[in-house]
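Colleague: Taking the hints into account, I'd like the entire structure generated from these sequences.
Note that the protein sequences, when read in sequence, are chains C and L.
All residue numbers for the first sequence refer to our numbering, where the first residue is 1 and numbers rise by one.
All residue numbers for the second sequence refer to our numbering, where the first residue is 1001 and numbers rise by one.
Quick caveat, the hints were computed from the structure, so don't treat them as lab data.
Remember, predicted model here, so these are calculated numbers, not experimental data.
Check before you lean on any hint, since a few could be wrong.
DSS-like cross-link-like pairs, simulated, lysine-lysine; straight-line CA separation at most 30 angstroms [claimed, not checked]: (1) L:1124 to C:152; (2) L:1124 to C:99; (3) L:1124 to C:18.
Some chain C residues well away from chain L (every beta-carbon gap over 10 angstroms; in silico) [unchecked claim]: (4) 37; (5) 68; (6) 109.
Some chain C residues well away from chain L (every beta-carbon gap over 12 angstroms; in silico) [what the hints assert, rightly or not]: (7) 11; (8) 14; (9) 15; (10) 57; (11) 120; (12) 121; (13) 129; (14) 171; (15) 175; (16) 203; (17) 205; (18) 220; (19) 231.
Virtual Cβ for every residue (Gly too), placed ideally from N, Cα, C.
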Amino acid sequence: MLAGNNIRKSFGTSEVLKGVNVQIKPGRISVLIGPSGSGKTTLIRALALLDMPGHGEVVFNGRSYQFPLDANQKIDPPWPDVTVVFQQHFLWPHLTLRKNILLPLSKRTDSHHIVNDLIDIFHMGAFIDRYPNEVSIGQRQRVALARAFALKPKYILLDEITSALDVEQTGTVIRHLLTLRDRGIGMLVVTHLLAFARELLARDEGDQIYFIDDGKILGSGGMEFFNDPGSHRAKQFLSSMDYWSANGQVIHKNSKR
Amino acid sequence: MNTFLQIISNHSEAFLRGIGVTIQLALIIWGSGLAIGTLLGILSTKYKVIIGIPTRLITFILSGIPVLVYLYWAHYPMQTILGVVINPFITAAIVLSTINIFSVSDQIRTQLIDFPEQYTIAAKVCGLSQRTTIFRIQMPILLRQVIPPLLTQQVIMLHSTLFASLISVEEIFRVAMRVNSIEYKPIHIYTALYLLLFVCPLMAWLSGCDNALLEIYRNLKCLQGIISENLLAPQRC
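Modeller: Given below as structure tokens:
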């Protein structure tokens, strides 16, 4: 399990995370929703130990990372067992898409076999030998997902990966994420699209959603969260969003599916 | 045409020596600029206050005054004031090397500061070692960014050496005057031949390199722009 316990993080005098608790289980999807500036990306970076939390604990498969760190204390981050797919993809621009996936696998003897499998899974054959600036954002997104998948991580943290995708591409991403989940990978999916969150959660009762606002988790649960979000702020947030179905149909504000 | 060839033939030794001086001077300036300038650039990024601020200040001052002024000042008034006589070649080499060192350090510092952190973060979460990250990710990206402006800078320095080689080596200067007096031709014949035989081919070659690398640099910048602006629709550079 990957868990964050009482995670606090400040930038200067501004406290962005105020004692957050989250759990990501193997083979399960956890969805994190919340308004802009609520601390979603900061939480992902803290869980991945890219930005060290100011206070709290990150637990990865029984290994505990306690914060704050002692002076001169160095830690051994759990990369790539825990990896991140960012909103902006972060593909290396001087390498072709194929090499972007191959480079982290350079020590493996079956790297080309893995990449060929991924090309089939993510339908990347038509553009895999191009450079990142020669393909669309949706295609880059698929490569970023494939790169993360190729690492065979135990947990993937995904930060707003559908923000630049159209409805059809979002549907494709959902299928890929479900494939990853079926292979035992635990995921934390940050999104502001409620329909995307619903589609992910609707497939399995063990999946969970968290609502974060102002650096605090104000609600969590399974599919029932959408009908009974608990806190007033979570209700307010849900009621202010349009619900989009996976096939692009708009469900009007405040209506129930 | 015969006169042209005759001049080259008669004074080939002088021309070759002129080229030799320019190459010698250019090599010193390029070598010191790239080696010391790169080191200074890295140090000014690491020690922003102690080294970074003074370096930026000196670079600003150096870049604000024409090279010609520094060369004349170092060659004539400064030596008179100090009461020393320094070999003109050494004077030119020191002045131009100093200018090049600080220009290169500024280029390196800027590129290091602007290096997109996301590529390093991606390398981290992919589990790449620090060595692989430096040699396979950071260095190639940095080189693509820094080579075009550095090449341009070195071409500018080459221009300066052409002038410096004339004023700094009296012998060459005297030969140029002798060419003029013997042939009763203006000094620009010498200059034109010099440019034609040496500088133009070199400039063409450098320009080719510059254009090729600039294209890569632009593509990179374009990608950075798309990433940073987080465009919502599919885009191509």
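Colleague: Please go over all the hints and tell whether each is borne out by the structure.
Modeller: Taking the hints in turn, this is what the structure says about them:
no.	hint	result
1	L:1124 to C:152	holds, 15 angstroms
2	L:1124 to C:99	holds, 16 angstroms
3	L:1124 to C:18	holds, 26 angstroms
4	37	holds, 15 angstroms
5	68	holds, 21 angstroms
6	109	holds, 17 angstroms
7	11	holds, 15 angstroms
8	14	holds, 20 angstroms
9	15	holds, 23 angstroms
10	57	holds, 20 angstroms
11	120	holds, 21 angstroms
12	121	holds, 18 angstroms
13	129	holds, 16 angstroms
14	171	holds, 16 angstroms
15	175	holds, 20 angstroms
16	203	holds, 26 angstroms
17	205	holds, 30 angstroms
18	220	holds, 25 angstroms
19	231	holds, 30 angstroms
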